[in-house]
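**Student:** Single-letter residue listing:
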Amino acid sequence: MFTSIHAHRTRVRVQHADAVVAAGLAAALRANPEFEICDDLEDTPSLVICDYSTGLRLAQSNRELARPQAMTRLLVLTTQDREQVVRHALQSGVHGYLLTCTRVEELLDAVRTVAEGKSFVGLDLARRMADSITREALTAREAQVLNLLSAGHGNKVIACRLGIAVGTVKTHVNAIMTKLGVNSRTHAVSVAAQRGLVNLDFRVLH
Amino acid sequence: MEALHKSVPLRVGVWHHEPIVELGLRATLDAQPGLAIQAGVELGELQQRCEVLVCDFDTAMAVMAAPQSAPKASMLRVLVFTEHMSERHVRQALSQGVHGYVVPGPSTTEVEQAVWSVAAGQRYLSAAVAHRVAESLSYASLTPRETDVLDGLSGGRCNKLIARQLGISVATVKAHVNAIMKKMSAGSRTQVVSVAAQRGLVGLSQAYAHIA
Numbered sequence: 001m002f003t004s005i006h007a008h009r010t011r012v013r014v015q016h017a018d019a020v021v022a023a024g025l026a027a028a029l030r031a032n033p034e035f036e037i038c039d040d041l042e043d044t045p046s047l048v049i050c051d052y053s054t055g056l057r058l059a060q061s062n063r064e065l066a067r068p069q070a071m072t073r074l075l076v077l078t079t080q081d082r083e084q085v086v087r088h089a090l091q092s093g094v095h096g097y098l099l100t101c102t103r104v105e106e107l108l109d110a111v112r113t114v115a116e117g118k119s120f121v122g123l124d125l126a127r128r129m130a131d132s133i134t135r136e137a138l139t140a141r142e143a144q145v146l147n148l149l150s151a152g153h154g155n156k157v158i159a160c161r162l163g164i165a166v167g168t169v170k171t172h173v174n175a176i177m178t179k180l181g182v183n184s185r186t187h188a189v190s191v192a193a194q195r196g197l198v199n200l201d202f203r204v205l206h
Numbered sequence: 001m002e003a004l005h006k007s008v009p010l011r012v013g014v015w016h017h018e019p020i021v022e023l024g025l026r027a028t029l030d031a032q033p034g035l036a037i038q039a040g041v042e043l044g045e046l047q048q049r050c051e052v053l054v055c056d057f058d059t060a061m062a063v064m065a066a067p068q069s070a071p072k073a074s075m076l077r078v079l080v081f082t083e084h085m086s087e088r089h090v091r092q093a094l095s096q097g098v099h100g101y102v103v104p105g106p107s108t109t110e111v112e113q114a115v116w117s118v119a120a121g122q123r124y125l126s127a128a129v130a131h132r133v134a135e136s137l138s139y140a141s142l143t144p145r146e147t148d149v150l151d152g153l154s155g156g157r158c159n160k161l162i163a164r165q166l167g168i169s170v171a172t173v174k175a176h177v178n179a180i181m182k183k184m185s186a187g188s189r190t191q192v193v194s195v196a197a198q199r200g201l202v203g204l205s206q207a208y209a210h211i212a
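Note that the protein sequences, when read in sequence, are chains A and B.
Counting in our numbering, the first sequence runs from 1 upward without gaps.
Counting in our numbering, the second sequence runs from 1 upward without gaps.
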């Protein structure tokens, strides 16, 4: 299948929704003889570098495959840096996750690692995720309360919506504030938005 | 104009903090006839050499703010290429006078078009950015003082603390908070922060830095 010269080349397909990033990825890989770009969709590359939603889509088709050895290795390159979003991609079966602001050396490292069958998460993301492990997670109920809090509702309305007592809501709000390390409701909302615990995002989704 | 493009290539500089994006912009523009991509190890040097600078948001803001490199004097045209498109970013860029604002998309032709447009003295905005501008115009804008108060609110500070930090009375802070709530049609202080985060009116990372 391969000619002898190409036997050790890593075959990469770039499938990114952002055309400029796609051009940059191709340029970075072409400058390095150990990689070979394959444009043909019929071809079977060692791995695919793609944007977030393409990554999830390809992970889904991977899961539907009968033979696990036919799986496509997936490396996602995206600006999506929220903890929950990253976690979701990795749990869905994406093998590597990098932010668009990555250095070229890290990208090449990620391509090699993922092609070898291992997982890869960018250094800055890995640090942040390590950070989040040390923090206490919110319970499902607390997350619900936090979402309503972010929408600007008062305790009474939150209690009504969730069908619980106002006193219980107060307990949840206190627990949320303790876990987030803040001392006001308003600050809780702003920290939650920063950490991606509630859904407030207006950037281009890729 | 066309003839001019062909005889003298347009000098374009690329400066982006994301290496992959910089490579991509370079590769895209390099392939264009009529453009000469300038190299520069230092931003100031690159600015001197080019007519159009394609750069990231922060670089554009720095270039527009620096008096010695004021684009008015040097005729430099600045084109922002960024994924940021919150109201705050777009408003800030336009008020600083950037010539073009392009967000990533499925085709590289837009970048090329934008470069030629700003070189010809026109403004260029991606469709999504133009939409954000239209949306932003339909909101009542906050005064600089209200923005200060909003930043305090997002930092989770109470009226008393905001008053002390801004050197104004608590009653004045209350008046500002009420004005902000009215302008944002928010029913509570908390909703103000949430709406402001959605519309990108506050730098949330700064608010976060206060507790770190």
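Hints listed in this document are in silico derivations from the structure and should not be mistaken for laboratory results.
This structure is a prediction, so every number in the text was calculated from the model and none was measured.
Even for Gly, the Cβ is constructed at its ideal location relative to N, Cα and C.
Where hints are given, some of them may not hold.
To be verified - Across the chosen pairs, the derived CB separations fall in these ranges:
| # | chain 1 | residue 1 | chain 2 | residue 2 | range |
| --- | --- | --- | --- | --- | --- |
| 1 | A | G117 | B | S138 | 28 to 36 angstroms |
| 2 | B | S141 | A | G117 | 51 to 59 angstroms |
| 3 | B | A62 | A | T171 | 16 to 24 angstroms |
| 4 | B | L166 | A | G163 | 50 to 58 angstroms |
| 5 | B | T172 | A | I133 | 41 to 49 angstroms |
| 6 | A | T134 | B | Q96 | 38 to 46 angstroms |
| 7 | A | R161 | B | V41 | 54 to 62 angstroms |
| 8 | B | A128 | A | I37 | 44 to 52 angstroms |
| 9 | B | E45 | A | C38 | 34 to 42 angstroms |
| 10 | B | E45 | A | L162 | 55 to 63 angstroms |
| 11 | A | A140 | B | P106 | 16 to 24 angstroms |
| 12 | B | I168 | A | S132 | 25 to 33 angstroms |
| 13 | B | S141 | A | H8 | 32 to 40 angstroms |
Said to hold, decoys possible - Under 10 angstroms between C-beta atoms, here's a sample of chain A residues computed to sit facing chain B:
| # | residue |
| --- | --- |
| 14 | H8 |
| 15 | T10 |
| 16 | R11 |
| 17 | A27 |
**Student:** Identify every previously stated hint that the structure contradicts and give their numbers, smallest first.
**Tutor:** 1, 3, 4, 8, 11, 12, 13, 14, 15 and 16
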